[in-house]
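Following numbering that gives the first Met the number 0, the numbering of the sequence shown begins with 0 at its first residue and continues without gaps.
In silico DSSO-like pairs for lysine-lysine, Cα to Cα no more than 30 Å straight-line:
1) Lys-357 - Lys-411
2) Lys-357 - Lys-391
3) Lys-216 - Lys-411
4) Lys-333 - Lys-130
5) Lys-216 - Lys-130
6) Lys-357 - Lys-333
7) Lys-187 - Lys-333
8) Lys-187 - Lys-216
9) Lys-77 - Lys-411
10) Lys-411 - Lys-251
11) Lys-391 - Lys-411
12) Lys-216 - Lys-77
13) Lys-333 - Lys-298
14) Lys-187 - Lys-130
15) Lys-298 - Lys-357
16) Lys-357 - Lys-251
17) Lys-391 - Lys-251
Distance ranges between label pairs, derived from CB positions:
18) Arg-236 - Ala-196: 38 to 46 Å
19) Gly-372 - Gln-96: 29 to 37 Å
20) Gly-372 - Ser-65: 32 to 40 Å
21) Ala-295 - Asp-214: 48 to 56 Å
22) Arg-349 - Asp-294: 19 to 27 Å
23) Gly-121 - Asp-249: 34 to 42 Å
24) Leu-313 - Gln-96: 42 to 50 Å
25) Met-63 - Gln-141: 42 to 50 Å
26) Lys-298 - His-338: 25 to 33 Å
27) Ala-103 - Pro-321: 47 to 55 Å
28) Asn-47 - Gly-147: 15 to 23 Å
29) Pro-125 - Gln-305: 36 to 44 Å
30) Ala-295 - Gly-147: 52 to 60 Å
If you are wondering where the hints come from, they were derived from the structure by calculation, not from laboratory data.
None of the values given here were measured: they were computed from a predicted structure.
Where is the CB? At the ideal position from N, CA and C, for every residue including glycine.
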Amino acid sequence: MPLPFESDQPELGSLTIRLPNAGPAGFSPAGPSGVQFDRFIAYEVSSNYLTPTDGWSFTLAADMLSDNDRNALIEGAKVEMSIDGQVQLTGYIDTIQAHGSRSAGSLLTVEGRDWYSLAVDGHIDPSIRFKPSQTLADVVEQTLGPFGVTDFAIDAIANRNAITGRIYGTPTSKKGKPLKSYVLHEIKPYQQEGAHAFVSRVAQRFGLWIRPAADGKTVIVGQPDFDQPSRYGIRLRNDGSQNNNVTDWDVKASRGDQPSVIFCEGFGGGGTFASNTLRTYIVNPLVVSPIADIDALIKRYPGIAQTAVPLPALGSAIAGGPIPEAFIRALYLKDTESHTLAELQAYARRQLALHMRKSLSAHYTIEGHKLGGQPVAIDTIADVDDDLGGVKIPLWILDRRFSKRAGEEGTKTVIEGIRPGTLQF
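Taking the hints into account, I'd like the entire structure generated from these sequences.
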């Protein structure tokens, strides 16, 4: 059954912003339900998987605001943003700017970030120490608890379903290992290190990434989900059909910076690559190079371990069509932080992913904020059928930006997609 590809009509008020506890000390001048805005001069809500906190801004016509509205808009006020009842993020107001002119009138622009920005801004106590017997769960609880984190999840399934309002391919069991199974080396914070920066640094040792959930209290400590089914359909056809849902596009394919094979060495004896006992290699599936030449390079290092390409990255490379190369481009990298083969292989997969990600950059703009009735969310898969950009494979959504522009009718969403499997930690 084909995916629904239609985008929603770009209605003017598709985004709703609510201040549930408006006013100082939780006092709400508008009553228990707080205040709510659904008509804007402009707004923008940005979400990127690699950015730990989502940023947003909205502009209102100041002369249209009631006294309750004005009193509610103060720095530090809690904000909830939703689309048709699905909460997209919970955050706090950072900045309020009054501006305008005689011709344009008086405007009020409000800027802020999601709730996790507190942990991004605040530092961890430099005297804290974590012992080898402690776990990643201990680090998350002790470091992020003071910033409002009360729960953590090992995958983003529940958060995705809450944001989109749809359940897609929910597995019968959780992905990944419980955080208590990740045992630490002895670690301590750097001077002036942020709370998020510290806990993220530790999590990445285990190949995990930290993102806030939309509920305002949960952090997701997991990996990008490349194995989920496609949730959206993006169509850009040149066959004269009316089934296109893309208004603007920017697609760039490149063979630049695509090595044929990457050799990696870790922390080990010998001092040179040839004598190091901790070595591995990984072959780029995007590049078709002479196999005999690659084998000749590998045979120079007897006993070297091979690192397998993650299956999603391998699948996207095969589906998208490999790049033929007449000569070998090999990289030789060293990672002194890798002390075991498992750590070095994780490093090799991460380096390959960085290169593979550069092979395709795809940005699509749609009307409205939904595809097939669901708000667009990051860490999801979109099935792309693009004649003009030449993309005929599923893409993983790395970045999503909702916007309404002053002087323009309707709302827009800009989506950035990358090859599945090309983001590794």
